[in-house]
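Residue-level listing of the chains:
Protein chains: 2
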Amino acid sequence: MSEFAKTEQNRVRRLPARGAYDKATIYPIVDQALICYVGLVEEGGQPVIIPTLHARRDDEILLHGATTSRLLKYAATGAPLCITVANIDGLVLARSVFHHSVNYRSAVLFGRGALVENEDEKMAALAAFTEKLIPGRWDDARGPNAVELKATSVVAVTIESASAKVRTGPPKDDDEDYALDVWAGVVPIQQHFGAPEADPLLNDHVALPGYLHALCNRSL
Amino acid sequence: MSEFAKTEQNRVRRLPARGAYDKATIYPIVDQALICYVGLVEEGGQPVIIPTLHARRDDEILLHGATTSRLLKYAATGAPLCITVANIDGLVLARSVFHHSVNYRSAVLFGRGALVENEDEKMAALAAFTEKLIPGRWDDARGPNAVELKATSVVAVTIESASAKVRTGPPKDDDEDYALDVWAGVVPIQQHFGAPEADPLLNDHVALPGYLHALCNRSL
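Going down the list, the protein sequences come from chains A and B.
Under the working numbering, the residue at position 163 of the first sequence is numbered 163, and the numbers go up by one with no gaps.
Under the working numbering, the residue at position 198 of the second sequence is numbered 198, and the numbers go up by one with no gaps.
Source of the hints: derived by calculation from the structure; they are not laboratory data.
Heads up, some of the hints might be wrong.
For identical chains, the list gives no copy identity; a pair is met inside one copy or between any two copies.
Said to hold, decoys possible - Derived pair list, reagent style DSBU-like, types lysine-lysine, alpha-carbon separation capped at 35 Å:
| no. | residue 1 | residue 2 |
| --- | --- | --- |
| 1 | K172 | K73 |
| 2 | K150 | K6 |
| 3 | K172 | K150 |
| 4 | K6 | K73 |
| 5 | K172 | K122 |
| 6 | K73 | K23 |
| 7 | K122 | K23 |
Please model the entire structure based on the sequences and the hints provided.
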C-alpha cells in the first residue's frame, strides 16, 4: 500500500488541494523533521503534546526515552496517538494582509504504539535515532551497555492513517490587488548545522571526526 | 502573578531540574517560536495535533484562521487545549550514545479559548500576527476589509497553567567515559531568514522595503 485511505480521521479539511495521502509525500516530511510532537489524552479529556525525537522504520514511528518517561509509558499502552511534524520553509507576503501565508510541509499521523522488547530490535532502533541525526556517529561513540539498554524504552507506533499538507510557491492575491505597489514574494526560512563546539572537557588530542565535518553547514 | 503554580498538570516529570514555571522563562520561548502545535481531542479520545501560527498577548495565546477551520471552531468551544512549542538549539554529542541529547527550549501551555468578537480587538490581533513575523509589514500591506475580517476567526486562549523545559551546554558523560577518545561537544542548529524572492508577478518598480532588508539573514 503506497497511499493511506482518505477517511474522516485524516481528511485535510481546510484547503483540501494542499492535502496528500501518499507515502511518497508523507514519509520524506516525517524523515526530514528533527523532532515530532506526540499527542496524548489525560483523564478528563485534557490533551497533552510532548515534543520528542523520532525515527521511522517503514510504516512505524520509533520513539525512545527513559523507561520512567510518561510519554513512553503512555505510548506503550496502545492508546490512540497523534504524531505531527511541520517544517516551515518561508513566509509568504501577499499584497493584502489577508493572503499572507507560510510555505510549509506538515504531516499528521495516527496510530498506536507497542513496546519494542527484543534487545536486538531495540539496539537497531537506537542506532536508527543516532544515525538519522548524525550519520557515522553510532560506530564512533560508546554503545549502550546492558544497564543503559534496560533504562531505555523504545516504542514502535504503527502508522494506521496519515496525511500531509504542503504549500509552496509565491503568494496568490485577489486580481484587483496586483496593481498595488506593495512588495510581494517569499522570505525563505533556512535551518542548518553550525560549527561544532567541542566539550571544554574534551581530551586535547581528539580531532573533529570526518562525519562531523560533513555535517557542518549542512542544511536541515 | 509571575509564575504558574506547579501542579499535577504542568509538573515536569522527567529531569525536573530542567523545568521552569516562571513567565520570564516561558514567554520568551513562546514568542520566539515560529509556530505552535495545538492539541484537540476528538470523539473516542483520539488526540489531534494541528500546527499553526500564534501570537501572545499578555497571558493569552492568539490563534487565527478561516471561520470554517476545524481548529478555530474547536478552540472557540472552550474545550481544554494544550499548546506546545519547541526550539531545538543543537545536537549534544556525548562520548556514550546513552548520554546523547539535544539542547532545546520547549514550553507546554494549558488553557481554554474564546472567540474574539470585538472588531477592533480582532484587527489588533491580526496586526499582532503580522508584526510578530515581519515588523513593519502591517502598515505596508493592504489591510483586511469587512468581508475578509468576517471570514477570519480569532480565538484567544487564556493560559491557565504552563511549564518550560530547557537544556543548554555541553554533554555530561559518566566519569569513566571521559578518558575515551571520542569527540564530544555540541553541534549548533541555527534558523535564519534567507534572501527574499520576489513574486514573479511583482510590478517592476516596487523595490524591496527597508523592513525586509532588516529581516534578511536575521536569526530566528
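*Violated hints, by number in ascending order, as checked against the structure*: none
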